[in-house]
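Starting from the given sequences, assemble the full structure and let the hints guide the process.
So the protein sequences, as listed, match chains A and B. So for the first sequence, UniProt numbering puts the first residue at 1; every next one is plus one. So for the second sequence, UniProt numbering puts the first residue at 1; every next one is plus one.
Bear in mind the hints are in silico, worked out from the structure with no lab data behind them. One should not assume that every hint holds.
Identical copies look the same in the list; a pair holds intra-copy or inter-copy alike.
[What the hints assert, rightly or not] Pairs of lysine-lysine, DSBU-like flavour, derived with a Cα cap of 35 Å:
id, residue 1, residue 2
1, K191, K145
2, K302, K176
3, K191, K201
4, K73, K145
5, K302, K341
What you are looking at is a predicted structure, and each value in this text was computed from that prediction instead of being measured.
Protein chains: 2
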Amino acid sequence: MREESIGRIAKDFLGHEGFQLTEWGGGNLNYLYRVDSTKESYILKYAPPYIRCLGEGYPLSSERLRYEILGLKAANETIPEFAPKLFYVAKEGVVMEYLEGFKLLRQAFIQGEKIPHLAEHLAEMLARFLVKNSFWALNEGERKKLLEQSENSLMRRLSEDYIFTFPFMEHPTNQKNPTSAPSVREIHQDKEWLGAILWLKSRFSTAKEGLLHGDLHTGSLMIKGEQIKMIDFEFSFVGPLSFDLGAILANWLIAYRTHKERGEVGGYSQWLREEMEEFIERFKEQFEFWAGEHGAPQIGIKGYLEALLIEAWGMAGVKIARRILGAAGVEDITSLESPLKEEVERRLLVLSREMTLRAALGIIPIQKGGREAYSWLF
Amino acid sequence: MREESIGRIAKDFLGHEGFQLTEWGGGNLNYLYRVDSTKESYILKYAPPYIRCLGEGYPLSSERLRYEILGLKAANETIPEFAPKLFYVAKEGVVMEYLEGFKLLRQAFIQGEKIPHLAEHLAEMLARFLVKNSFWALNEGERKKLLEQSENSLMRRLSEDYIFTFPFMEHPTNQKNPTSAPSVREIHQDKEWLGAILWLKSRFSTAKEGLLHGDLHTGSLMIKGEQIKMIDFEFSFVGPLSFDLGAILANWLIAYRTHKERGEVGGYSQWLREEMEEFIERFKEQFEFWAGEHGAPQIGIKGYLEALLIEAWGMAGVKIARRILGAAGVEDITSLESPLKEEVERRLLVLSREMTLRAALGIIPIQKGGREAYSWLF
Numbered sequence: 001m002r003e004e005s006i007g008r009i010a011k012d013f014l015g016h017e018g019f020q021l022t023e024w025g026g027g028n029l030n031y032l033y034r035v036d037s038t039k040e041s042y043i044l045k046y047a048p049p050y051i052r053c054l055g056e057g058y059p060l061s062s063e064r065l066r067y068e069i070l071g072l073k074a075a076n077e078t079i080p081e082f083a084p085k086l087f088y089v090a091k092e093g094v095v096m097e098y099l100e101g102f103k104l105l106r107q108a109f110i111q112g113e114k115i116p117h118l119a120e121h122l123a124e125m126l127a128r129f130l131v132k133n134s135f136w137a138l139n140e141g142e143r144k145k146l147l148e149q150s151e152n153s154l155m156r157r158l159s160e161d162y163i164f165t166f167p168f169m170e171h172p173t174n175q176k177n178p179t180s181a182p183s184v185r186e187i188h189q190d191k192e193w194l195g196a197i198l199w200l201k202s203r204f205s206t207a208k209e210g211l212l213h214g215d216l217h218t219g220s221l222m223i224k225g226e227q228i229k230m231i232d233f234e235f236s237f238v239g240p241l242s243f244d245l246g247a248i249l250a251n252w253l254i255a256y257r258t259h260k261e262r263g264e265v266g267g268y269s270q271w272l273r274e275e276m277e278e279f280i281e282r283f284k285e286q287f288e289f290w291a292g293e294h295g296a297p298q299i300g301i302k303g304y305l306e307a308l309l310i311e312a313w314g315m316a317g318v319k320i321a322r323r324i325l326g327a328a329g330v331e332d333i334t335s336l337e338s339p340l341k342e343e344v345e346r347r348l349l350v351l352s353r354e355m356t357l358r359a360a361l362g363i364i365p366i367q368k369g370g371r372e373a374y375s376w377l378f
Numbered sequence: 001m002r003e004e005s006i007g008r009i010a011k012d013f014l015g016h017e018g019f020q021l022t023e024w025g026g027g028n029l030n031y032l033y034r035v036d037s038t039k040e041s042y043i044l045k046y047a048p049p050y051i052r053c054l055g056e057g058y059p060l061s062s063e064r065l066r067y068e069i070l071g072l073k074a075a076n077e078t079i080p081e082f083a084p085k086l087f088y089v090a091k092e093g094v095v096m097e098y099l100e101g102f103k104l105l106r107q108a109f110i111q112g113e114k115i116p117h118l119a120e121h122l123a124e125m126l127a128r129f130l131v132k133n134s135f136w137a138l139n140e141g142e143r144k145k146l147l148e149q150s151e152n153s154l155m156r157r158l159s160e161d162y163i164f165t166f167p168f169m170e171h172p173t174n175q176k177n178p179t180s181a182p183s184v185r186e187i188h189q190d191k192e193w194l195g196a197i198l199w200l201k202s203r204f205s206t207a208k209e210g211l212l213h214g215d216l217h218t219g220s221l222m223i224k225g226e227q228i229k230m231i232d233f234e235f236s237f238v239g240p241l242s243f244d245l246g247a248i249l250a251n252w253l254i255a256y257r258t259h260k261e262r263g264e265v266g267g268y269s270q271w272l273r274e275e276m277e278e279f280i281e282r283f284k285e286q287f288e289f290w291a292g293e294h295g296a297p298q299i300g301i302k303g304y305l306e307a308l309l310i311e312a313w314g315m316a317g318v319k320i321a322r323r324i325l326g327a328a329g330v331e332d333i334t335s336l337e338s339p340l341k342e343e344v345e346r347r348l349l350v351l352s353r354e355m356t357l358r359a360a361l362g363i364i365p366i367q368k369g370g371r372e373a374y375s376w377l378f
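The structure is reproduced here in structure tokens:
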């Protein structure tokens, strides 16, 4: 049944039979296949009308594919060099570029690989994507249309629950043995912290600033040499620009902290830190440039960007905490052994709290601009 | 032509002839008439298809009436004791309750009138209105519907321009002789301040949190004894909850500062300050209560409210500055004589800058909770 649907999509796309299908991994929800025709290879993403990892007994609307397409199309239009090409759209699947020889950025980080021009390329990719698909570049009519198309209430609800709610309360899906200090019990009673998270959650749910990737962790970015590609757009929706930016910062800090605590090898944690600081500076430069192209006022844009960064640190704080407390762990941390794992978790949770409080309540002292502003993170 | 349309609306509403029409003031855009039938009086608001104060040569869509109705209906449903009753809706006009003996809160403030239970009633009015018409109380379908109905791009654009943009640049509609320190030239070069305003403007334009009144200054509130009514909903749209709250705080601070500088009469500025502090505390209590009724988490709501207040101070800062620099002055200030006027303007502008920077960039020290947190305002 599934093979049949997938075969039909491949045939419709190629216009002929005579191709090979190979299952190619995929996530909890969808199937990925490699399609080899005589000349070329492609990736076919198939979204079955159920949750892949749970089986046909758990129906899930294929509408998630609509948002995958929306986000991928937007990326193909605004940052074509940073996204796989989208070739073909069918009802339950899409065919896109096969990214030969690429690997996940998360794997590269875990393996301690220094990626040339990473900060520069990521900054350009994200700043251009956020500006081009947001109120900075879209006129009123385009914004309205985008808003109508990008509801994605199903996936958005998943994020609300699994990022902003469940990790910070008693919930059966949470990880069983996270770090001991601050204890989970303390966190559940921490009114300031939970207040800051509630504020950031309200931003996530109601700020309609621009189209986001929506799940921009290091497992949604692929690299090969100095090339970088954004993949997996099924969570894309119109939300706060700080959310995608925060997701990248969160995962960067997690990688930094795990390497730092594991003990320095070849200056890798130092490299991660320097690249992250450079990413932030270059992101601001790129954002200013592209927003300027679309008429942003020259005076004020730097201040706006400082405010955006503050909110992004808050979002990053929530995303760090949810990786430790909530359902979805990340290999950077889960691959660590005790007691190193607990030490990394403890330090990241303290940092997470500071970042969210700073963003929502302003009660953590904030230094002004420049690189020294980030020293408290490291 | 106009009289004819108005007469027809009155007749259609009453179901008979035999009534008296008296012009009853009105604003720059619309006409107000009092309709006296044999038993009762009503107010008829007529929105001509042009800008009233400029004449028929300046067409303006009557669609503004749609938002007047949307906001007034929402108020009739969620805070009926705080809004004039809406009786009848026609294409170019509405008939509503005649608020006999009421006066504008702005007039009461200027005249130094101590209004019984003002803080208590305003806090309940605003908190209930904001909770009941926002994501706190509405489900996903209701929110979507509200968002579709409440575009109000015309009036929203006016606010963007005349509140967040023109007052902070060279613009022919700005006031000619505002205060000298900080000088207008300094303000136009103040990157931090303009950055904070740009950030708050992006909130105004993109935060779809709930239905707002949209123009909640002391001229949109009427009082009689301890009764209070919200009027003039033509700017209503779905935006950030901080905007309505900030508007009230801005006008309260303007009233406070003018009385304070004019010299104390009967402890009036002290009364204004105490009422404002009480308003803030009661607003938080009321908001917590009504949000709790709609399932807001008990832990965290206080922190959320602190964050909402911080943003509201920012919005208040922008609104104070625009009253001094921009097109729309307020009688509280314009009625002052030199050099008192300049002193009030100067002090309010310094305050305005601090409030916006604090909200957007967090670079003004922030004290934690409680009444002492507001001492820097006074």
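Verification of the supplied hints:
no.: 1; hint: K191 x K145; verdict: between (39 Å within a copy, 33 Å between copies)
no.: 2; hint: K302 x K176; verdict: between (43 Å within a copy, 29 Å between copies)
no.: 3; hint: K191 x K201; verdict: both (15 Å within a copy, 29 Å between copies)
no.: 4; hint: K73 x K145; verdict: both (15 Å within a copy, 27 Å between copies)
no.: 5; hint: K302 x K341; verdict: between (38 Å within a copy, 33 Å between copies)
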